[in-house]
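In terms of our numbering, the sequence shown opens at residue 1 and continues consecutively.
Hints may contain errors.
With a Cα cut of at most 27 Å, we get these calculated DSSO-like pairs of lysine-lysine [said to hold, decoys possible]:
hint: 1; residue 1: K115; residue 2: K92
hint: 2; residue 1: K87; residue 2: K175
hint: 3; residue 1: K115; residue 2: K87
hint: 4; residue 1: K92; residue 2: K175
hint: 5; residue 1: K115; residue 2: K175
hint: 6; residue 1: K175; residue 2: K102
hint: 7; residue 1: K109; residue 2: K175
hint: 8; residue 1: K109; residue 2: K92
hint: 9; residue 1: K87; residue 2: K109
hint: 10; residue 1: K92; residue 2: K102
Because the hints were derived from the structure by calculation, they are not lab data.
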Amino acid sequence: MCHIRAGGIFLGVLACLLATHIGDAVAQSAGSLEQNFANSLTTVPSEPLTVSGAFYVPVYSSVAMSQGKLRADFSVTLSVHNASETKPLVLKRIAYFDTAGKMVESYLKSPVALKPFSTVEIFIATTDTRGGTGANFVVDWTATNEIAEPVVEALMVGGVGAGHYAFISQGRPVKLVGKN
Numbered sequence: 001m002c003h004i005r006a007g008g009i010f011l012g013v014l015a016c017l018l019a020t021h022i023g024d025a026v027a028q029s030a031g032s033l034e035q036n037f038a039n040s041l042t043t044v045p046s047e048p049l050t051v052s053g054a055f056y057v058p059v060y061s062s063v064a065m066s067q068g069k070l071r072a073d074f075s076v077t078l079s080v081h082n083a084s085e086t087k088p089l090v091l092k093r094i095a096y097f098d099t100a101g102k103m104v105e106s107y108l109k110s111p112v113a114l115k116p117f118s119t120v121e122i123f124i125a126t127t128d129t130r131g132g133t134g135a136n137f138v139v140d141w142t143a144t145n146e147i148a149e150p151v152v153e154a155l156m157v158g159g160v161g162a163g164h165y166a167f168i169s170q171g172r173p174v175k176l177v178g179k180n
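Input sequences plus hints: build the corresponding full structure.
So this is what it looks like as structure tokens:
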């Protein structure tokens, strides 16, 4: 049963609607990304992969609340969207790191290609707090030539007491900065 607090109707409704999806995602997490999203995938192009990039996505499997005396745990759904209408997007790495920067899990054994406008997701259950308060994903991608930049974001859903919370963290392209 979902409880919605006044002033948080949208987030409460979102959390309630996602409850079913989260249950399904837990069941899906038993298989590999390739198995769970076979309909979103296509053959990796044989042409040279000449364009590449990476995204850093901060996520929060746990958040300290009430001056650090209370911790709220959140489920995390990382979504990687191919924003191209015509070209496949090749994912080379999807890795999950904890607060200390230690890799918790790698989700690809080998590169996979997303069909145009398709999506793959990685789900971290509320009970999986290995990432901690400073968890993050790194997504490395490539393509055969010019392509629309992928959209990478994470949805966190959780609750404390009767309150439910949902928020999104957008992936940030990894760019080198410093001397020119």
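Against the structure, the hints:
no.	hint	in the structure
1	K115 to K92	holds (15 Å)
2	K87 to K175	holds (23 Å)
3	K115 to K87	holds (7 Å)
4	K92 to K175	holds (17 Å)
5	K115 to K175	holds (25 Å)
6	K175 to K102	holds (21 Å)
7	K109 to K175	holds (25 Å)
8	K109 to K92	holds (9 Å)
9	K87 to K109	holds (22 Å)
10	K92 to K102	holds (19 Å)
Every hint from the earlier list agrees with this structure, and none is contradicted.
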